[in-house]
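The listed protein sequences correspond, in order, to chains A and B.
Following our numbering, the numbering of the first sequence begins with 1 at its first residue and continues without gaps.
Following our numbering, the numbering of the second sequence begins with 1001 at its first residue and continues without gaps.
Worth flagging that the hints you see were computed from the coordinates, not collected in a lab.
As the structure is a computational prediction, the values presented were derived from the model and not from experiment.
Hints may contain errors.
With a cut-off of at most 30 Å between alpha-carbon atoms, the simulated DSSO-like pairs for lysine-lysine come out as follows [what the hints assert, rightly or not]:
id: 1; chain 1: A; residue 1: K134; chain 2: B; residue 2: K1109
id: 2; chain 1: B; residue 1: K1061; chain 2: A; residue 2: K159
id: 3; chain 1: B; residue 1: K1095; chain 2: B; residue 2: K1222
id: 4; chain 1: A; residue 1: K159; chain 2: A; residue 2: K88
id: 5; chain 1: A; residue 1: K396; chain 2: B; residue 2: K1042
id: 6; chain 1: A; residue 1: K396; chain 2: B; residue 2: K1061
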Amino acid sequence: MSRPAWQYLLGIVSGLLVALAIGWIIDRPGLCTSLYLAAIVAWQARNLIRFENWLRLRSILRPPNMRGLWGETVERANRLYQRKRFHKRRALMLLRELRRMTSAMPDGTILLGPTREILWFNPTAAQWLGLRRKLDYGIRIDNLIRQPDFVEYVVNGGKGPGPRVHMPNLGDRWFAFNLVTTSARDLQLLIVRDVTSEARLESMRRDFVANASHELRSPLTVVRGYLDTLAEDSTLDETWREPVREMQRQSERMHNIVSDLLELSRLEAGRGEAETEPIDVAGLLALMRREALSRPDRPAKFDVHLESDALLLGAESELHSIFQNLITNAVKYTPPEGTVSVRYWTDGRGSHVAVSDTGIGIPAAHIPRLTERFYRVDAGRSRKLGGSGLGLAIVKHALQRHGAQLEITSEEGKGSSFTCHFPPARVQLRESPVAGVA
Amino acid sequence: MMDTSDLSHHIHSRYNAELEGIRTGVLQMGGFVEQQLQNGVKAIVNGDSRLGEEVGRQDHKVNSMEVSIDEDCSRILATRAPTASDLRLIVAVIKTITDLERIGDETEKLGHAASRLSNSDRTADRYRELKHIGELVADMVHGALDAFARLDTEAALSVARRDRVIDEEYEAIQRQCITFMMEDPRAIRRTLDILSLARALERVGDHAKNICEYVVYMVLGKDIRHLSIEDVERQISAARASKQADQG
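With the sequences and hints as input, model every part of the structure.
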């Protein structure tokens, strides 16, 4: 017990003793004691009522002025109350600041509960996505934003890159979504960004490239036609022979670049995943081997190892251009006495096609950038061989559309290996195995 | 929202989750159909035959979604014997997916037509009338599904009212097409194509209106089919008043 409590008890007991003593003197101890106790009770009741009154109305009343243990109690209660009020005010202030901050954020923010129901969103999100404050709380976000890409993304818990969604009903805008798992359990934060101008710019660039290449193609065809006629003209002056042949070569290269650009823009314009026709890869590769062997610059050894006859679900034209580009590259960079080998196999992680060569190889620093458009390891080497600089970009895009990955390993001077990894979802095993296709 | 309270008031949380799952399934199907419709309209307006082919190819997904939601509904009817608002939810869902599937079919027509039309030598401005009605219809489907998601009868009614605008638009296209045909009989074949596409879009509008009616039925238990909008509004305000009186 504390000091004030002891003093309080001591006061009551000594008061009782004094009352008894007075009662003794005037010979009425019972009456005196009862009077004293009644007075104590009345005093306590008054204090209790005052205390309760203040507690009830503590926000407007000043604490009652009391002495002794009661005073101490009031003092402590008041201190507790003040501290709580301070913390509450600070928390409220912080909350208000936070709201003001998220409201001022240029990005939309939506707080989602465990079943993806909307708990809160800032005004930006409300304005962009047509959400209504309070009324839409508790509704699942994927019930209101129903674009299949978006639904798939949130249902999978935000795996993979956030989708870009076109909203024609809401001012024809594009939005990018990003789902962030918060440290609080079961709560998720959905960040919305307006990417309309980016999307428009990108589609403009794509259209420009496609249109420009398309427009370049017809004049080029005319030029090539005349050059062909000129080259075969026997009356042509001997001094002009070499320039005409060079022009022919260069226009051929230009034609290749234009058709690769067109192919690339066609791949880019293709929406989402490639179609899923069953393609006989083994047959396709065997065919391409024959084509490669008929080239004048073919290497001494060209092996095709077909260890699987599984079918790939994909687009035949795109698979053809993937393998064609890889094989052409390998043949181009391999000296005549070298070896190019193609291997096709299937395992638990899907199907794989590897094209390896014993050519000049690629320095490691260049490997990550190989699939960029017009990227060249060194300016001389690929231009001399007549490449467009777009082959691997086409391969990358076509593989992406099949959900596949390109792995490049290379050692300078020893050779390179390009491996395409197709996921199991794209592989279809044959019912009865057919032995030895090539 | 007051109207959701008695749809989401359940002791059995699994049952509740099943019902919620069905609602979400319908809206997922709706989202897919919406995208198909938008792509279909875009394919026609831009003469994009690739996109049109894709729309045609994807229609089977809508059908399989319908079948799977239908199965879920039958299972709940058989095992849970839903009553009152739950029963109305199931009934409304079964009807809604039928209409969504029909919208999918009309959209498939757009897709096939787009892959055909772009081969003929048509100038782009001939499509403008379809562009407008297409946007109106896509908006309407979007609004109907929003009303379904929010169980919002007011929004449902205002979307249903928009069907008149679409009907008028369809009539305008019809008149225009007749003029085209009289002016130039060689264009009859192509004009007929436009007419049938406009017709398909107008039908999509009707299906969206049906979905709005199911929303009202689901929330308030009032069947408002084959009634004029004014009658419907009177009935609905009465139903809402009695509902509030029950709650108060």
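Right, here's what the structure says about each hint:
Straight-line distance between C-alpha atoms of K134(A) and K1109(B) comes to about 40 Å, which puts the hinted pair past the 30 Å bound. Between the alpha carbons of K1061(B) and K159(A) the distance comes to roughly 23 Å, so the proposed pair stays at or under 30 Å and holds. Taking the CA atoms of K1095(B) and K1222(B), the gap is near 15 Å; set against the 30 Å cutoff, the hint holds. Distance check on the hinted pair: K159(A) and K88(A) sit about 38 Å apart at the alpha-carbon level, beyond 30 Å; violated.
Restraint check for K396(A) and K1042(B): satisfied, since their Cα atoms lie roughly 28 Å apart, inside the 30 Å limit. For the hint pairing K396(A) with K1061(B), the CA-to-CA distance comes to about 29 Å; that is within 30 Å, so the pair holds.
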